[in-house]
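Student: This is what each chain is made of:
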Amino acid sequence: MVLEVYKQMIARKILFTMLSAILLILSIIIGVSIGAVRIPPNIVLKILLGNSLSESNSLYTIIIWKVRLPRVLMASMVGASLAIAGCLVQGVFRNPLASPYVLGISSGAAFGAALAVILEIWLIIPIPIFAFIFAMLSLMITYVVAAEDGRLPVTSLLLAGIAVASLFSALTSFMMYVAGEKLEVIVFWLMGNLTGIRWQEVRIVAIGSLPLIALSLFFGQELNVMMLGEDTAKSMGVEVDKSRKIIVILVALLVSVCVSYVGPIGFVGLVIPHMVRLVIGPDNRFLIPASAFFGGAFLVLADLISRVVIKPAEIPIGIITSLFGVPFFIYLLKRRKRVITHAAESM
Amino acid sequence: MLLKVCDITFSYDSVDVLKNITFEAEKRRILGILGPNGAGKTTLLRCIFRALTPKQGIIFLDGKDIRTLSRIELARKISVVTQENINAPFTVLETILMGRHPHTSALKLFDQDATTFIENIIEKLSLREFLERRLSEVSGGERRRIHIARALIQQPEVLLLDEPTSHLDPNYKLQIMSVVKEFTVENDLVTVVTLHDLSLAARFCDKVILLKEGRIFAAGTPSEVLTPDNIGEVYKIDVKIVKDENGKILGIIPLKTK
Numbered sequence: 093m094v095l096e097v098y099k100q101m102i103a104r105k106i107l108f109t110m111l112s113a114i115l116l117i118l119s120i121i122i123g124v125s126i127g128a129v130r131i132p133p134n135i136v137l138k139i140l141l142g143n144s145l146s147e148s149n150s151l152y153t154i155i156i157w158k159v160r161l162p163r164v165l166m167a168s169m170v171g172a173s174l175a176i177a178g179c180l181v182q183g184v185f186r187n188p189l190a191s192p193y194v195l196g197i198s199s200g201a202a203f204g205a206a207l208a209v210i211l212e213i214w215l216i217i218p219i220p221i222f223a224f225i226f227a228m229l230s231l232m233i234t235y236v237v238a239a240e241d242g243r244l245p246v247t248s249l250l251l252a253g254i255a256v257a258s259l260f261s262a263l264t265s266f267m268m269y270v271a272g273e274k275l276e277v278i279v280f281w282l283m284g285n286l287t288g289i290r291w292q293e294v295r296i297v298a299i300g301s302l303p304l305i306a307l308s309l310f311f312g313q314e315l316n317v318m319m320l321g322e323d324t325a326k327s328m329g330v331e332v333d334k335s336r337k338i339i340v341i342l343v344a345l346l347v348s349v350c351v352s353y354v355g356p357i358g359f360v361g362l363v364i365p366h367m368v369r370l371v372i373g374p375d376n377r378f379l380i381p382a383s384a385f386f387g388g389a390f391l392v393l394a395d396l397i398s399r400v401v402i403k404p405a406e407i408p409i410g411i412i413t414s415l416f417g418v419p420f421f422i423y424l425l426k427r428r429k430r431v432i433t434h435a436a437e438s439m
Numbered sequence: 005m006l007l008k009v010c011d012i013t014f015s016y017d018s019v020d021v022l023k024n025i026t027f028e029a030e031k032r033r034i035l036g037i038l039g040p041n042g043a044g045k046t047t048l049l050r051c052i053f054r055a056l057t058p059k060q061g062i063i064f065l066d067g068k069d070i071r072t073l074s075r076i077e078l079a080r081k082i083s084v085v086t087q088e089n090i091n092a093p094f095t096v097l098e099t100i101l102m103g104r105h106p107h108t109s110a111l112k113l114f115d116q117d118a119t120t121f122i123e124n125i126i127e128k129l130s131l132r133e134f135l136e137r138r139l140s141e142v143s144g145g146e147r148r149r150i151h152i153a154r155a156l157i158q159q160p161e162v163l164l165l166d167e168p169t170s171h172l173d174p175n176y177k178l179q180i181m182s183v184v185k186e187f188t189v190e191n192d193l194v195t196v197v198t199l200h201d202l203s204l205a206a207r208f209c210d211k212v213i214l215l216k217e218g219r220i221f222a223a224g225t226p227s228e229v230l231t232p233d234n235i236g237e238v239y240k241i242d243v244k245i246v247k248d249e250n251g252k253i254l255g256i257i258p259l260k261t262k
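So the sequence lines, in the order shown, correspond to chains A and B. Numbering of the first sequence is given in the working numbering, commencing with residue 93 and proceeding in unit increments. Numbering of the second sequence is given in the working numbering, commencing with residue 5 and proceeding in unit increments.
It is worth saying that the hints were derived from the structure and are not from the lab. Please read all numbers here as calculations on a predicted model, not as lab measurements. Just so you know, not all the hints are guaranteed correct.
[What the hints assert, rightly or not] Calculated lysine-lysine pairs in the DSSO-like style (CA-CA distance at most 30 Å, straight line): (1) Lys59(B) - Lys112(B); (2) Lys334(A) - Lys59(B); (3) Lys216(B) - Lys244(B); (4) Lys260(B) - Lys334(A); (5) Lys8(B) - Lys262(B); (6) Lys8(B) - Lys59(B); (7) Lys128(B) - Lys31(B); (8) Lys244(B) - Lys262(B); (9) Lys185(B) - Lys211(B); (10) Lys68(B) - Lys334(A); (11) Lys23(B) - Lys68(B); (12) Lys105(A) - Lys211(B); (13) Lys99(A) - Lys112(B); (14) Lys244(B) - Lys260(B); (15) Lys112(B) - Lys337(A); (16) Lys59(B) - Lys337(A); (17) Lys334(A) - Lys112(B); (18) Lys99(A) - Lys128(B).
[Said to hold, decoys possible] Quick list of simulated restraints, FRET-style, between CB atoms: (19) Ser143(B) - Met93(A): 21 to 31 Å; (20) Lys112(B) - Gly288(A): 40 to 50 Å; (21) Ile254(A) - Ala110(B): 30 to 40 Å; (22) Phe114(B) - Lys403(A): 41 to 51 Å; (23) Thr57(B) - Leu259(A): 31 to 41 Å; (24) Lys334(A) - Gln60(B): 22 to 32 Å; (25) Val97(A) - Asn175(B): 25 to 35 Å; (26) Glu28(B) - Leu302(A): 36 to 46 Å; (27) Val19(B) - Ser248(A): 16 to 26 Å; (28) Glu123(B) - Gly288(A): 58 to 68 Å.
[As the list claims (entries may be wrong)] A few chain A residues facing chain B, derived, Cβ under 7 Å: (29) Val94; (30) Leu95; (31) Gln313; (32) Val317; (33) Leu320; (34) Gly321; (35) Asp323; (36) Thr324; (37) Met328; (38) Glu331; (39) Lys334; (40) Val371.
Note that the Cβ used here is the ideal one computed from N, Cα and C, for glycine as well.
Bound conformation, chain A alone (with noise of 0.2 Å):
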């Protein structure tokens, strides 16, 4: 009887969680297929099944494998990993508002792009390096700031992050004053963009996301259990201090992947698992998975909403994320009010 209940209230999960995946796989195919040159979506499929070298489709294979393939990949993964660091982070802090920038890794990221920029470093070294180094940088500060006889109590996190991420953005906003024609390239990077991606840099963000990513899925059932309380949750057998230190450090390491590579790109982590959540409820279990799925899908075709909307030119995909991510967010508020009141209420 409680088996079939049970069964029952988590089919849907499942369910979304898959079309989730389906969606990911269907967006993954249109933005491979629509672009400068529209592949029709029956010879992407053929391309991407390796199955298909004639004359004609010679063009296409390239189009496909060394420009848009690894474009989509990598929006794939970067909105699968902002919305997984959402989702940790919203449950280690038990706050709906905590997005993963509130860690301050981000504002520390851009400040290195900057730093990189106006050194003219990144002629030698490739921005993600400066902005990566610089995000590890910003989590250690906050790291410390925040630890307290070993322990990581959530309150100072999240001052520390805010603290952090201020004077990050204090450094960054003087960076840019002083950058002169410099400014663009800043201002182009800190709104966020997958334009020019290549195999490599997917190569390297899957290397560090994609582990990070599976690795997340492990901690489902310890955030449900330590959104009952501290206390309780350290009855019930979780590590509460240290399994919070390590979705931090998680959560650190899956947005400074990305957010070196793409910039910060915002509304994802923060929003995503706010609209999965209204879906399928709060269980972590499926939430992570599913969250990733749907935040993949969504950057994939907010990514090609910002290549084609203006073509030739590009809109930065942050720009896009907001403008189309907001009014869907709003919808899906306005329909489920009542749920998302109490979700945010108890958080």
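Keeping the supplied structure of chain A fixed, place chain B upon it in accordance with the hints.
Tutor: Below, chain B alone, put in the same frame as chain A:
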């Protein structure tokens, strides 16, 4: 199963909150921990499930120092209902099934082996009709029952309850204590419960410990400990104690503060 607390001293900064606490709790018995606000009742419970580490002293479970157990091992032996106002966004069923957490792997969705056991607890605590509701949609008394169910589903040998009856109406108070009593006897549990309601403690506890400023002021059966003198000394109130013909305490009525 035997819970043995040996000479526990705990301090926040340099202020001793618990001083030289020693007692034993046996299976199939409810031990009540009583005392005014700030006497150290909750702190004592938190030491037992290792949310806090005492400055001095050892807690033994069946002769084993609890510090030698991992948290997950400890969670298989001790389960707790804390006073945390737990109002997570989960449904009732999701919440109580989390009780299986220490017994199942991270990726397993449902512990099928425990189905009958879980059914039984849901039945006993009359939670069937609530299963699909959200935790935020049920009343305080129901929520308390849900968390007790969650703690029982954790299949403990020791059950710790921190103020399980506070803010509840008389009906719920009796109901919850009766269920706790029943489970304690049927499942060979060592149950330790902190209570403010002295009448309830007298009625349901087999033994009680009266704490005053972090020390054990008196310990023994309810009728030994809950005398007008002891209560007067610890709570600074005058009380009238109503007993039945066998000398068992029926109620403790506060008359005036001292």
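Student: Each hint needs a verdict: does it hold in this structure or not?
Tutor: Status of each hint after checking the structure:
For a cut-off of 30 Å, the pair hint linking lysine 59(B) to lysine 112(B) is broken: about 38 Å separates their Cα positions. Proximity of lysine 334(A) to lysine 59(B) is assessed by CA-CA distance (about 21 Å); at most 30 Å being required, the pair is judged to hold. Taking the CA atoms of lysine 216(B) and lysine 244(B), the gap is about 20 Å. The hint holds against a cut of 30 Å. Between lysine 260(B) and lysine 334(A) the CA atoms are separated by roughly 49 Å; this puts the pair beyond 30 Å, and the hint is violated.
Restraint check for lysine 8(B) and lysine 262(B): the C-alpha separation of about 35 Å exceeds 30 Å, so the hint is violated. With a CA separation close to 17 Å, the supplied pair lysine 8(B) and lysine 59(B) stays within the 30 Å bound. As the CA atoms of lysine 128(B) and lysine 31(B) are separated by approximately 20 Å, the hinted pair is consistent with the 30 Å bound. With a CA separation close to 14 Å, the supplied pair lysine 244(B) and lysine 262(B) stays within the 30 Å bound.
Between lysine 185(B) and lysine 211(B) the alpha-carbon distance is near 13 Å, which keeps this suggested pair within the 30 Å criterion. This hinted pair checks out: lysine 68(B) and lysine 334(A) have alpha carbons roughly 24 Å apart, not beyond 30 Å. Distance check on the hinted pair: lysine 23(B) and lysine 68(B) sit about 22 Å apart at the alpha-carbon level, within 30 Å; holds. For the given pair, lysine 105(A) sits about 47 Å from lysine 211(B) by alpha-carbon distance, which is inconsistent with the 30 Å threshold.
As the CA atoms of lysine 99(A) and lysine 112(B) are separated by approximately 13 Å, the hinted pair is consistent with the 30 Å bound. A C-alpha spacing of about 10 Å is found between lysine 244(B) and lysine 260(B), which places the hinted pair at or below 30 Å, so the restraint holds. Between lysine 112(B) and lysine 337(A) the alpha-carbon distance is near 24 Å, which keeps this suggested pair within the 30 Å criterion. The suggested pairing of lysine 59(B) with lysine 337(A) holds, with an alpha-carbon distance near 25 Å, which does not exceed 30 Å.
With a C-alpha separation of about 22 Å, the suggested pairing of lysine 334(A) with lysine 112(B) holds against the 30 Å cut-off. The suggested pairing of lysine 99(A) with lysine 128(B) holds, with an alpha-carbon distance near 22 Å, which does not exceed 30 Å. At about 24 Å, the beta-carbon gap between serine 143(B) and methionine 93(A) stays in the expected band of 21 to 31 Å. The given range of 40 to 50 Å is respected by lysine 112(B) and glycine 288(A), whose C-beta atoms sit roughly 44 Å from each other.
Distance hint check: the CB atoms of isoleucine 254(A) and alanine 110(B) are about 32 Å apart, consistent with the given range 30 to 40 Å. As the Cβ distance of phenylalanine 114(B) to lysine 403(A) is approximately 50 Å, the hint placing it in 41 to 51 Å holds. Checked against the hint of 31 to 41 Å, the pair threonine 57(B) and leucine 259(A) passes, with Cβ atoms roughly 35 Å apart. The beta-carbon spacing between lysine 334(A) and glutamine 60(B), approximately 25 Å, falls within the hinted interval of 22 to 32 Å.
Checked against the given bound of 25 to 35 Å, the beta carbons of valine 97(A) and asparagine 175(B), roughly 27 Å apart, stay inside it. Checked against the given bound of 36 to 46 Å, the beta carbons of glutamate 28(B) and leucine 302(A), roughly 53 Å apart, lie outside it. In this structure, valine 19(B) and serine 248(A) meet the distance hint of 16 to 26 Å, their C-beta atoms being roughly 23 Å apart. Here the CB-CB span from glutamate 123(B) to glycine 288(A) is close to 59 Å, well matched to the stated 58 to 68 Å.
Restraint check, valine 94(A) versus chain B: the minimum CB separation of about 5 Å is within 7 Å; hint holds. Of the supplied interface hints, the one on leucine 95(A) holds, with its beta-carbon coming within about 6 Å of a beta-carbon of chain B, less than 7 Å. At its closest, the beta carbon of glutamine 313(A) sits 5 Å from a beta carbon of chain B; the interface hint therefore holds under the 7 Å criterion. Because the beta carbon of valine 317(A) sits about 5 Å from the nearest beta carbon in chain B, less than 7 Å, this interface hint is met.
Hint status for leucine 320(A) relative to chain B: holds, with the closest Cβ pair at about 5 Å, below 7 Å. At its closest, the beta carbon of glycine 321(A) sits 4 Å from a beta carbon of chain B; the interface hint therefore holds under the 7 Å criterion. For the restraint placing aspartate 323(A) at the interface with chain B, the shortest Cβ-Cβ distance is roughly 5 Å, inside the 7 Å limit, so the hint holds. Below 7 Å, beta-carbon pairs count as interface contacts, and threonine 324(A) has one with chain B at about 5 Å; its hint therefore holds.
The beta carbon of methionine 328(A) comes within 5 Å of a beta carbon in chain B, closer than 7 Å, and the hint placing it at the interface holds. Hint on glutamate 331(A) holds. Least Cβ distance to chain B is approximately 5 Å, under the 7 Å limit. A distance limit of 7 Å between C-beta atoms decides the matter here; for lysine 334(A) the minimum to chain B is near 9 Å, and the interface restraint is violated. Proximity of valine 371(A) to chain B is violated relative to the hint, the smallest CB-CB distance being about 14 Å (cut-off 7 Å).
When held up to the earlier numbered hints, the structure conflicts with 1, 4, 5, 12, 26, 39, 40 and fits the remainder.
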